[in-house]
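Q: With the hints as a guide, dock the two chains, each given alone in a separate frame, to form the complex.
The lines below spell out each chain.
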Amino acid sequence: MMTKSKKLRWSFFVFFIPVFLWLLLLIVLPHIELLRMSFARPAYLKQPGFTFSNYIEFFKEPIYWNTFFRTAMYSITVTMIVLIIGLPVAFYITKVASFKTRGFLTILILIPFWVSELIRVYGWTIILRESGIINHFMTKYGIWKQPIEMLYNDAAMIMGLVYTSILFMVVPIIGVMDSLDNSLIEAAYDLGAKKTVIWRQIIIPHCMPGIISGCIIVFMMVLGSYLTPNLMGGKNSMWFTEQIYNQFILYRNWNMGSAFGFLLLFMSSIIIWVALKLSGQSLKEVVK
Amino acid sequence: MIRSLPNSKLYTFTFTAFIVLYFFFLFAPLLITCILAFNNSMIPTLPWKGFTFFHDPINLRAFGVSFRLAIAVSLMSTAMGTCAAFLFEQENFPLKNVMYLLMIAPIVIPGVILGISILSFTTTVADFFKNNFGIRLDFIRPSFWLVAFGQFSFISTYVCMVVSARLKKFDRTLEDAAYNLGANRFQVIWYITLKYLRPSIIGGLALSFLLSFENFNTTMFLVGAEFPLPIALFNRVRDGSTPVINAISFLLIFATSVCAMVNLILSRKKKED
Numbered sequence: 001m002m003t004k005s006k007k008l009r010w011s012f013f014v015f016f017i018p019v020f021l022w023l024l025l026l027i028v029l030p031h032i033e034l035l036r037m038s039f040a041r042p043a044y045l046k047q048p049g050f051t052f053s054n055y056i057e058f059f060k061e062p063i064y065w066n067t068f069f070r071t072a073m074y075s076i077t078v079t080m081i082v083l084i085i086g087l088p089v090a091f092y093i094t095k096v097a098s099f100k101t102r103g104f105l106t107i108l109i110l111i112p113f114w115v116s117e118l119i120r121v122y123g124w125t126i127i128l129r130e131s132g133i134i135n136h137f138m139t140k141y142g143i144w145k146q147p148i149e150m151l152y153n154d155a156a157m158i159m160g161l162v163y164t165s166i167l168f169m170v171v172p173i174i175g176v177m178d179s180l181d182n183s184l185i186e187a188a189y190d191l192g193a194k195k196t197v198i199w200r201q202i203i204i205p206h207c208m209p210g211i212i213s214g215c216i217i218v219f220m221m222v223l224g225s226y227l228t229p230n231l232m233g234g235k236n237s238m239w240f241t242e243q244i245y246n247q248f249i250l251y252r253n254w255n256m257g258s259a260f261g262f263l264l265l266f267m268s269s270i271i272i273w274v275a276l277k278l279s280g281q282s283l284k285e286v287v288k
Numbered sequence: 289m290i291r292s293l294p295n296s297k298l299y300t301f302t303f304t305a306f307i308v309l310y311f312f313f314l315f316a317p318l319l320i321t322c323i324l325a326f327n328n329s330m331i332p333t334l335p336w337k338g339f340t341f342f343h344d345p346i347n348l349r350a351f352g353v354s355f356r357l358a359i360a361v362s363l364m365s366t367a368m369g370t371c372a373a374f375l376f377e378q379e380n381f382p383l384k385n386v387m388y389l390l391m392i393a394p395i396v397i398p399g400v401i402l403g404i405s406i407l408s409f410t411t412t413v414a415d416f417f418k419n420n421f422g423i424r425l426d427f428i429r430p431s432f433w434l435v436a437f438g439q440f441s442f443i444s445t446y447v448c449m450v451v452s453a454r455l456k457k458f459d460r461t462l463e464d465a466a467y468n469l470g471a472n473r474f475q476v477i478w479y480i481t482l483k484y485l486r487p488s489i490i491g492g493l494a495l496s497f498l499l500s501f502e503n504f505n506t507t508m509f510l511v512g513a514e515f516p517l518p519i520a521l522f523n524r525v526r527d528g529s530t531p532v533i534n535a536i537s538f539l540l541i542f543a544t545s546v547c548a549m550v551n552l553i554l555s556r557k558k559k560e561d
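Sequence lines, in order, name chains C and Z. Residues in the first sequence are numbered consecutively from 1, following my numbering. Residues in the second sequence are numbered consecutively from 289, following my numbering.
If we strip away everything but chain Z, and leave its shape as in the complex, we get (with noise of 0.2 angstroms):
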C-alpha cells in the first residue's frame, strides 16, 4: 500500500508502470516538437532550422511586444499585488471580506470574460469620452496598453497571493522594536518588511512575466494592431505546421525549462537554509 508496508509484486509493478505511462503522456509532446524542431519531414539535418526564427520578421516583432508587456504587466502588477498583501494581511477596514473576495474573484473567473468585461466597458468610456468632451483615449482602445491592462487585472492577483503566504509568516513583534526605536511606518516597511518580502517579491516577478508571457484567452479579445507571440503563433499554428513553429516552440520549451528548473532549484536551496 505505502512504503513502509509490504507490497506485492505485481501492485509495485503495475502502480510504477501506470506512472511510468502517466509521466510518458505529460512529456510526450514536448518532446516530439523538441525532436521534430531539428528534424523536419522526417528528414535529419541540422538544427539550423531554429535560427529562421530570427529572420522571420512578424515573428520577431510579436517576440519584442511579447517581452514589453511581460515587462510592463510583471512590474505593474507586482506592485499591486504587493499592495493588495499588505492590505489584507496587515490593515483592517469595514468590508474587508467583501474586497478579498472580490480580489480573489479574477481566479475562478474564466479569462475570455474577463476579457470580454473590460473590452466592453473601456470602449463603452471611450466612447463616452469621445463624444461628450471631444476626448481621445486611444490607449483603452484595443491596444499594447489595453492587453496590458487586462492582464494585469488577474496577474496581480497571482502576486498577491504569492506575497501574501510569506507575509502571513512576518514575525510583527520586529515591527514593534523598530517603532519603539523611533522608526516611522514607511521606514519600518522599506527597511524591514520589504527586505523580509524580497524572495517572494522575486517571485511574484518571475511568475508574473510568464503568465504574461504565455496569456492568450484574456489578451484576444484587447489586441490591437500589436500581436503579442501566442496571438501571433495561434494563427501559424492554425493554418497548418511551418518549421518555424517547431523552431520557436523548441526555443520556448528550453527557455521556460531552464527557467523552471533554476526557479525549483533557487527555491529548493532557500528552503533548506
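Chain C extracted, bound-state conformation (with noise of 0.2 angstroms):
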C-alpha cells in the first residue's frame, strides 16, 4: 500500500506541474500585468510609478464612456432577442417536431456554426450592402428606384450579433427542455391551462438553468465580439473592442488599452455575477 501511494504522488505531479504553468504563466500572471500597466504611466514619459489618469481619462473622454454603455446596453439587448428567438426554436426542436426531423434538424443548427464567424459575417455584408443581393433584385424588379444602403447601422450590427450568437443559447436550452416531462404540459393542458400559462408556470421555470447558462455565453460572446460590429456597424458607431484595438495598436497607449481591457472586464464580471446570484446557479454548472 506504501508503494501504490508514493507512485499516486508522483502521478499527480505530473498532471499538476502543467497545468499549474498553464494557468500561472497564460491567465494569473498576464491578468496582473495588465492591471499593474493600467496604473502605470505611458512608458514615453519616463516617469514610472502610481497612476489613476488612464481611468480619469476614460471618464473625461465622452467617447470612452459612451461606447463603453453602449456596448453594454446593446449586448444586453442582443441578449434578450437571441432568447427570445432561441426559445421557440428550441421548444420546436424537443417538443413539437416529429422524431425523425428532429435529429436532422439538431445537425442542421449546428452546420453554420462550425464555419468561421469571419465568413458568415462577410456572407451578410455580400447580402445587404449598397451593391449587394436585395438591392440588385430590388433594384431589377424596379420595387427599389435606386439602391439603399442597408449596411453599417445599428439594425444591421445588432442583426448579425444575433446571427453569430444565437447556437450558444439554443443548445443549451434544447439540453434542458430534453428532460422536461410531457406529461407535465399534458397535464396542464388537460386541465384547462392556456399556452402562455403552461409557458410561464411550466416550461420557463424548468428551463431556467440552460436559459442563465445561455444567456451568460451569448451575453460573453456579444461583448468581446469584435468582427461583428466592425464589419457591420456604423463607422461613428463603435464597439468597445475596437477602442481597446485602437488603444493597443493604432495609439500604440498599452497602459490606456489596459485600463479599457481592466473596466470590460470588470463590467462583464459584475453583470454575470448578479446573473448567477440572481439565478442562485454557480459558473461550473454554467460552463459544464
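The reader is advised that the hints may include incorrect statements.
[Claimed, not checked] Some chain Z residues judged to face chain C by a derived CB distance under 8 angstroms, without partners named:
1) I320
2) V353
3) P382
4) S405
5) Q475
6) Y479
7) T481
8) L482
9) L498
10) S537
11) L539
12) T544
If you're looking for bench data, these hints aren't it; they were derived computationally from the structure. Glycine is no exception: its CB is placed at the ideal position from the N, C-alpha and C atoms.
A: The following block contains the structure:
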C-alpha cells in the first residue's frame, strides 16, 4: 500500500505541474500585468509610478464611456433578442418536431457555426450592402428606384450579433428542455391551462438553468466580439473592443488600453455575478 | 402545444413557418457566398475562380501559417486539456476549487482581453530579460509562437471540458482491477484510461484544430510577420469584396461542412453502439 500511494503522488505532479504552469503563465500573471499596466504611466513619459490617470481619462472623454455603456446596453439587448428567438426554436426541436426530423434539425442548426465568424459576417455584408443581393433584385424589378445602404447601421449590426451568437442560446436550452417530462404539459393542458400559463408556469421555470447559461455565454460572446461590429456597424458607432484595439495597435497607448480592458472585464464580471446570484447558480454549472 | 397533443392548424402552420424562416436566416449568408463563388458579378461562369486561391501567394502563405498553427495548437492543447481532465477528475489537492475556477475562466474572459493581457505580460518579460541579462526571447514577442501560446491558453480549457465529460463516466473499478493484477499507475493510465478516453481525445483534437484555425480575437493582438488566414482575410474583407474572398469562403464552408457532417455522423454512430 505504501508503494502505491508513493506512485500516486508522483503521477499527481505529472498532471499538476503542467496545468499549474499553464494557468500561472498564461492566465494569472498576464491579468496581473494588465492590471499593473492600467495603473502605470505611459512608457514614453519616463516617469514610472502609480497613477489613476488612465481611468480618469476614460471618464473625462465622453466618447470612451459612451462607447462603453452603448456596448453594454447593446449586448444586453442582443442577449434578450437571442433568448426570444431561441426559446421557440429549442421548443420546436425538442417538443413539436417529429422524432425523425428532430435529429436532422439538430445537425442543421450546428452546421453554420462550424464555419468561421468572419465568413458568416462576410456573407451578410454581400447580402445587405449597397451593391448587394437584395439591392440588386429590388432595383432590377423596380421595387426600389435606387439602391439603399442597409449595412453599416446599428440594426444591421444587432442582426449580425444575433446571428453569430444564437446557437449558444439554443443548445443549452435544448439540453434542459429534453429533460422536461411531456406529461406535465399534457396534464396542464387537460386541466385547461392556456398556452401562456403553460409557458410561464411549467416550461420557463424548468428551463431556467439552460436559459441562464445560454444568456451568460451569449452575453460574453457579444460583449467581446470584434468582427461583427467592425464589419457591419456604422463608422461612427464603435464597439468597446474596437476602442481597446485602437489604443493598443493604433495609438500604441498600452496603459490606456489595459485600463479599458480591465473596465470591460470588470463590467462583464459584475453582470455575470448578478445574473448568477439572481438565479442561484454557480459558474461551474453554467459552463458544464 | 406539443406533438402528443391536438394542435390547431393555425398553430402548427405559424410555428412551422417560423422555423422555416429561422433556418432560412441561418443559411442565407452561407448559400449566397457559395453561389457567388461560382457566379461573380452575376454573370454565370465556370467555377474556375476557386483556383485563383492557389495562385495568390498571400493567401497560400496565410493558409500555410494557419495550418501549421492549428496543428501545433491542437497537439499542445489536447495534451494539456487531457492532463487537466485527469488532474480535476482523479486527483484531490488543496485549493482544487480555486484552480478549477481559474481553469474555466478563459470561457468567460473575452478573447480580446486574453490577447492584450498575454501581449503585455510577454512584452514585459521579454524586455526584462533583454535589459537585465541581454537575453533575446524573440519567441514571446508577437510571432507565430506567441499566437500559438495565446490560442493554447483558452483552447486547452475546451479540450479539458470534452475529455472530462468522458472521464466522469469512467468506471474506476477497472483501474483497481489493473492494480490488483500488478500494474503501476502509468500502465493503468496508458493501457486502460487513455484507451477508454480515445474518442474524446480525438474529438478534442478536432475541436482545437477548428478553434485555432478560425480564431480571430485573441490572434489579432499577437500576430507578428506571419498572418494566419482569418487575419489576412479580414484585411481584404474590409477593403471590399474580391472574387478571391468568395472562392476562399466557399472552400472553407465546404471543408468545414464536410468535417462537421463526418464528425456528427461518427458521434451518432458511437452513441448507437
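Q: Work down the list of hints and note, for each, if the structure agrees.
A: Now for the hints, and whether the structure bears them out:
1. Checking I320/Z against chain C: minimum C-beta separation of about 6 angstroms stays under 8 angstroms; hint holds.
2. Interface hint status for V353/Z: violated, as the beta-carbon distance to the closest one in chain C is roughly 15 angstroms, over 8 angstroms.
3. For P382/Z, the interface hint is violated, since its Cβ never comes within 8 angstroms of a Cβ in chain C; the closest pair sits about 11 angstroms apart.
4. Restraint check, S405/Z versus chain C: the minimum CB separation of about 4 angstroms is within 8 angstroms; hint holds.
5. Taking 8 angstroms as the C-beta cut-off, the interface hint given for Q475/Z is violated, the closest approach to chain C being about 10 angstroms.
6. Checking Y479/Z against chain C: minimum C-beta separation of about 14 angstroms lies over 8 angstroms; hint violated.
7. Using the Cβ-Cβ criterion of 8 angstroms, the hint placing T481/Z at the interface with chain C is not satisfied: the shortest such distance is roughly 11 angstroms.
8. Restraint check, L482/Z versus chain C: the minimum CB separation of about 13 angstroms is more than 8 angstroms; hint violated.
9. At a threshold of 8 angstroms, the smallest CB-CB gap from L498/Z to chain C is about 7 angstroms, leaving the interface hint in force.
10. With a cut of 8 angstroms, the hint placing S537/Z at the interface with chain C holds, because the nearest CB-to-CB distance is about 5 angstroms.
11. Taking 8 angstroms as the C-beta cut-off, the interface hint given for L539/Z is violated, the closest approach to chain C being about 10 angstroms.
12. At a threshold of 8 angstroms, the smallest CB-CB gap from T544/Z to chain C is about 4 angstroms, leaving the interface hint in force.
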